[in-house]
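Engineer: So the chains spell out like this:
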Amino acid sequence: MLNKNIFLEIYYNPEIVKELVDSEWDVLIRQSRKAQVLATLFYLLEGNGLIQYVPEKPLNHLLSSKIVADKHFKDTSWEINRIQNALSGLSIPVVFLKGAAYIVAEAPNSKGRLFHDVDILVPRHKLQEVEQSLIDHGWYSTHLSKYDQKYYRQWMHELPPMKHMRRNTLLDVHHHIVPLTSQAVPDIDKLSNAIVEHPPQSLHTLSPPDMVLHSIVHLFHDGEFDHSLRDLIDIDILIRHFNDKGDLPKRITKRARELKLERPVFYAFRYLKRILRVKYLNQIDNKKIKRPNVVLLSCMDFLFIRAITAHHASCEKTFSSFSRWCLYIRAHYLRMPIQLLIPHLIRKAIMDDEN
Amino acid sequence: MLVQGFVLLITVKNTSIYHHALEEESVVYDAETGNLFLIPFLNADILALMQRQTKHSDLISKMTKTFQIDRQQAKVYLDRLYLEYGQLNLLN
Amino acid sequence: MLLSDLSIEKIKSGLKIFGLGYKAGPFNISVTSNIPAVTEHIRYFYSHYNCNSEAVFVDFHVEVNSVGGYRRWYKPQVTFVFDGYEPFVPLPINQAPAMFEWGLNWAIANTAHQYLIIHSAIIEKDGYGLIMPGTPGSGKSTLCAALVNRGWRLLSDEMALLSLADGLIYPAPRPVSLKNKSIDVIGQFAPELSIGPHAYGTDKGTVAHVVPPWSSIERQHELAPPISRIVFPKYKAGSQSSLVQLKETDTIMQLIEGTFNYNALGEKGFLAITDVVSNSKCQKFTYSSLDDAITVFEDFTN
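Residue numbers (the numbering used here), protein chains in the order written: chain A, 48 to 402; chain B, -16 to 75; chain C, 403 to 704.
Hints listed in this document are in silico derivations from the structure and should not be mistaken for laboratory results.
Built from N, CA and C at the ideal position, the CB exists for glycine as well.
One or more of the hints may lead you astray.
[Claimed, not checked] Computed far set for chain B versus chain C, every beta-carbon distance over 12 Å: (1) Ser9; (2) Ser40; (3) Val59.
[To be verified] Straight-line Cα separation of at most 30 Å, BS3-like style, residue types lysine-lysine; simulated pairs: (4) A:Lys301 to A:Lys320; (5) A:Lys297 to A:Lys320; (6) A:Lys292 to A:Lys307; (7) A:Lys65 to A:Lys320; (8) A:Lys121 to C:Lys670; (9) C:Lys583 to A:Lys210; (10) C:Lys670 to A:Lys113; (11) A:Lys326 to A:Lys337; (12) A:Lys65 to C:Lys425; (13) A:Lys320 to A:Lys173; (14) A:Lys173 to A:Lys113; (15) A:Lys104 to C:Lys686; (16) A:Lys326 to A:Lys297; (17) B:Lys48 to C:Lys412; (18) C:Lys649 to A:Lys104; (19) A:Lys104 to A:Lys118; (20) C:Lys636 to C:Lys425; (21) B:Lys48 to B:Lys58; (22) C:Lys425 to C:Lys414; (23) A:Lys337 to A:Lys113; (24) C:Lys606 to A:Lys104; (25) C:Lys583 to A:Lys104; (26) C:Lys425 to A:Lys104; (27) B:Lys45 to C:Lys649; (28) C:Lys636 to C:Lys527; (29) C:Lys670 to C:Lys649; (30) A:Lys118 to C:Lys670; (31) C:Lys649 to C:Lys686; (32) B:Lys45 to B:Lys58; (33) A:Lys320 to A:Lys237; (34) C:Lys670 to C:Lys583; (35) A:Lys104 to C:Lys418; (36) A:Lys113 to C:Lys412; (37) A:Lys237 to A:Lys292; (38) C:Lys683 to C:Lys649.
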């Protein structure tokens, strides 16, 4: 069972769990845990009525991961409630992003997920008021060094992360979805004009195509590839959840063109098809989307496909951690001009060493 | 209604409050937030009634009887409890 | 088949390559290690545990290996890895066996949420179950080692596994870890007990492990009834033995703090703890003499 990603085999065809032997369950649980998709696996099997086929021992592990994920869901739901409450006096829509958005939009991938922080998007001109309101309700700013503060406030698209003094929870306040130093910065007004309100608590998220786009940008630009498989699965689940009319992929493509985010969408669709083998993109002609040149593309293929596999010894393809490192550098390059990037990386390396 | 050695579950909307009521204190668990409180037994009793949307006048009567105080004192005390429990997110 | 039935070659190749598999309580464990002290530790302390057959599902794959590079020669270190997670910073290599035990505890406490996992020693005699929550300075391990040497069955000296499904206790006896002075105390109290090598300079001082009684190991698959008593031990030199009743609400708060996975379990965890407390006698026990303590505990089962 070496070099085989059993999790992906099940993702393509869940019914095969009926045939797994103990040693395969063993590898599956370990692969899934390391890739942070163990609870996702539980919900996948439950949704397909296949839990009854899971033997007792692996089932204990699946159920335990579900328990933790459910607790995260509950805690984050309360956090969303408190954030909305803290900012209710400002008469601005507070747009929840990423994981919190999945909860607000009741998307299926809100279940089986571990949440580590909450991300919100607010208008840039209201940042100071937002920050003050949060402070009034018990949050405080972290990363207090002058350099870090400058990094965030001047160059990034977010305030330095905030922490709540009693609950110890983390909150990221964004005013854009990509850093301002990035090569391609979408028009924020276009995003704001399309936001959606969800009853009954009037919580806001981006529109479905924008939400998917944001997840795509986050995966392919942000440089965090520790859970790249899980992030790709998020994109898949989101598309399927919002695709009731069957035209979401086309709408995403159109929107990507509007917001100048075609390159990451090209990659996302390419890897959704190649790694997750999705069917709903068969209508999309990837050739119509702005693609990179052949050399760059094969280089990216090499890097991405290897980086996106589950990070477990049993299916770690050769070069995976090197690939991931390359992608980390690339992602930072996309976010910061080169003359800022090198000192930043050096400083980050020194700080990590000190820790 | 609290009985020695019993765990009571009171569910109102999304909030569950559990009493473990023995001696002078109750341990109250708010299932929505995971917060835990040690509240004087009698105050926890009042909290349970508040959660059940008990009428204000009934609460006053109960308090005058339990705490052996007059209606005016009971009103002040009750207002304080509403304030504190509200701040702790124990009321809906 | 017991570990002691395996040849030394089989054990060594197991540890080096495929993983040496054995059953500890309800869990299948598989260990790989390139450190001789770990091999010795497992051969010594786990000789009476059942091996796993080859293709079985393993709950915990753990690796206890020396750190590579220049560290092999200069202040050598050991790391603990579970399913790709490295929960601890590397430790000096003489602490490898202790790190193996601590690491396994960590892995169980973080992933076995079918149980309420209370940080305590848990013992049983004639169907009477008792836990001693592990507050610092309590001397719980010393008391535990003494009690299991006088007729009590060791269910665990670190983690009480209370099933949320059926309310029963699932034994998982492992080597009892002793620290500093208590190593000598137990050495004197029960000279026939096998105490393993000392590890000096750990976070907790000097650490050594005691082999649990064979009967505890042999009966580890025999489930134990729900807990009847919660005793918070407090060693106080020169004191008379005394038992003081504790408030149940205080006990609940203390147990919550001392439950490894309380945070993950949420509501279920709270209910399970209040259940245990309302069905048990809750007491604080101050003592200075192990013999006295044995007598007091003897009375519990009458």
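Engineer: Which of the stated hints cannot be reconciled with the structure, identified by number in ascending sequence?
Structural biologist: 1, 9, 13, 14, 15, 17, 18, 20, 23, 24, 25, 34 and 36
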